[in-house]
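Peer 1: Could you build the full structure based on these sequences and the hints that come with them?
2 protein chains.
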Amino acid sequence: MERGELPPDVVVRRLPLYARSLRYLLQEGVHSVSSQELGERINVTAAQIRKDLSYFGEFGKQGIGYDVERLLQQIEEILGLTQDWPVALIGVGQLGQAVARYDGFRTKGIHIVALFDSDPARVGQEIADVVVQSIDQIPTTIRERSIRMAIVAVPALAAQEVTNTLVDAGVRAILNYAPIVVQVPEGVWVRYIDPVTVLHSMTYYLAREHDTDPALPPND
Amino acid sequence: MERGELPPDVVVRRLPLYARSLRYLLQEGVHSVSSQELGERINVTAAQIRKDLSYFGEFGKQGIGYDVERLLQQIEEILGLTQDWPVALIGVGQLGQAVARYDGFRTKGIHIVALFDSDPARVGQEIADVVVQSIDQIPTTIRERSIRMAIVAVPALAAQEVTNTLVDAGVRAILNYAPIVVQVPEGVWVRYIDPVTVLHSMTYYLAREHDTDPALPPND
Numbered sequence: 001m002e003r004g005e006l007p008p009d010v011v012v013r014r015l016p017l018y019a020r021s022l023r024y025l026l027q028e029g030v031h032s033v034s035s036q037e038l039g040e041r042i043n044v045t046a047a048q049i050r051k052d053l054s055y056f057g058e059f060g061k062q063g064i065g066y067d068v069e070r071l072l073q074q075i076e077e078i079l080g081l082t083q084d085w086p087v088a089l090i091g092v093g094q095l096g097q098a099v100a101r102y103d104g105f106r107t108k109g110i111h112i113v114a115l116f117d118s119d120p121a122r123v124g125q126e127i128a129d130v131v132v133q134s135i136d137q138i139p140t141t142i143r144e145r146s147i148r149m150a151i152v153a154v155p156a157l158a159a160q161e162v163t164n165t166l167v168d169a170g171v172r173a174i175l176n177y178a179p180i181v182v183q184v185p186e187g188v189w190v191r192y193i194d195p196v197t198v199l200h201s202m203t204y205y206l207a208r209e210h211d212t213d214p215a216l217p218p219n220d
Numbered sequence: 001m002e003r004g005e006l007p008p009d010v011v012v013r014r015l016p017l018y019a020r021s022l023r024y025l026l027q028e029g030v031h032s033v034s035s036q037e038l039g040e041r042i043n044v045t046a047a048q049i050r051k052d053l054s055y056f057g058e059f060g061k062q063g064i065g066y067d068v069e070r071l072l073q074q075i076e077e078i079l080g081l082t083q084d085w086p087v088a089l090i091g092v093g094q095l096g097q098a099v100a101r102y103d104g105f106r107t108k109g110i111h112i113v114a115l116f117d118s119d120p121a122r123v124g125q126e127i128a129d130v131v132v133q134s135i136d137q138i139p140t141t142i143r144e145r146s147i148r149m150a151i152v153a154v155p156a157l158a159a160q161e162v163t164n165t166l167v168d169a170g171v172r173a174i175l176n177y178a179p180i181v182v183q184v185p186e187g188v189w190v191r192y193i194d195p196v197t198v199l200h201s202m203t204y205y206l207a208r209e210h211d212t213d214p215a216l217p218p219n220d
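Chains as they are written, first to last, in the numbering used here: chain Z, 1 to 220; chain E, 1 to 220.
Since the hints were made in silico from the structure, they are not lab data.
Some clues are possibly wrong.
Identical copies look the same in the list; a pair holds intra-copy or inter-copy alike.
Said to hold, decoys possible - Each computed DMTMM-like pair below joins lysine to aspartate or glutamate, with the alpha-carbon atoms no more than 25 Å apart:
hint : residue 1 : residue 2
1    : K51       : E209
2    : K51       : D9
3    : K51       : D67
4    : K51       : E5
5    : K108      : E209
6    : K108      : E126
7    : K61       : E144
From a predicted model like this one, the values you see are computed outputs, not experimental measurements.
Peer 2: Written out as structure tokens, the structure reads:
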């Protein structure tokens, strides 16, 4: 690998998994970890961890392992999580409410600070200490609070319009739970979570596992 | 590409997106679609679609486009969705309930037929026409109903034990919402959904977007 080479996206996507495992280790009172032990927790090899981290500098010492707290702090810095990222969540139906209340968002960096819904019956309700606003308030609130990240948990039919409103207001990164691919201008990043498409790709392998020439998918 | 070459996992993962778009097209009353139009709906090029499909045979005719219903049926066959896949869901807290009630599971192939929870207060409740059972019932029910796919929506601390029970009972594919990587024997596939790790990989790019040499991530 060349020095200063940009890390591939697949490496960037693994960093939050390393960080998550390091947080568990800290909770368990573990202060030092080898790349092998860390690797076992996320099903990658020790060599892969060392290669992944080498994109970002020098970490740990040969034969001594990593200082858990320090490596976590370094990865959080790389991920930009030492900054505060206010996040808007649009759609507080059952899924949106589950997301709003999700403990995982109590970690560093990400904070859901604004909730929106189109249903007047939900506007004004308080979920996880945040008051639900009308979707008409999206542009004003996004701008006032300098929100650049959003989670979309609205029905598929509403997702494109909500996305347009968010992008117009300055949102640059969207996590989309709506089961539809949305169009965004360049410089806006969208990632998707749809359990159905994930399960539908797994049936492909299950349906074939008795074939003579099975194609085993990677566990990621 | 060689004839008969196995499709890479990334191609298998795109097939459910094609199928989802084709279902929307059918709902909209569209019966014929070009690879370009289909590609625009999921942000891939027409050439990519043709290449992806070429792993599985001949589809459509040059210059005529695809018959929406027929292509959908063919992709569902490839994905194994013409079979019925009974699915167990473990953990019916707020997230699990949202998943159990998710309309997306009303499509072909996947059906959540069994719900389990460790909380006695939830056992016996009915969610989306399925009665919640005690987790002690997992082995019996999984075997009786020949369930090979499961969704895990329990807290991180419980995920490995639940996974072990599922695997012992014969489950081969697991969609894991718990924010932890679980260990499984070879021949069992696990995929993960964790919004926090997704958002944490997006902050990496947002934190760098004013760098002179930005690494733009792909929109997937």
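Peer 1: Broken hints, numbered, in rising order?
Peer 2: 7
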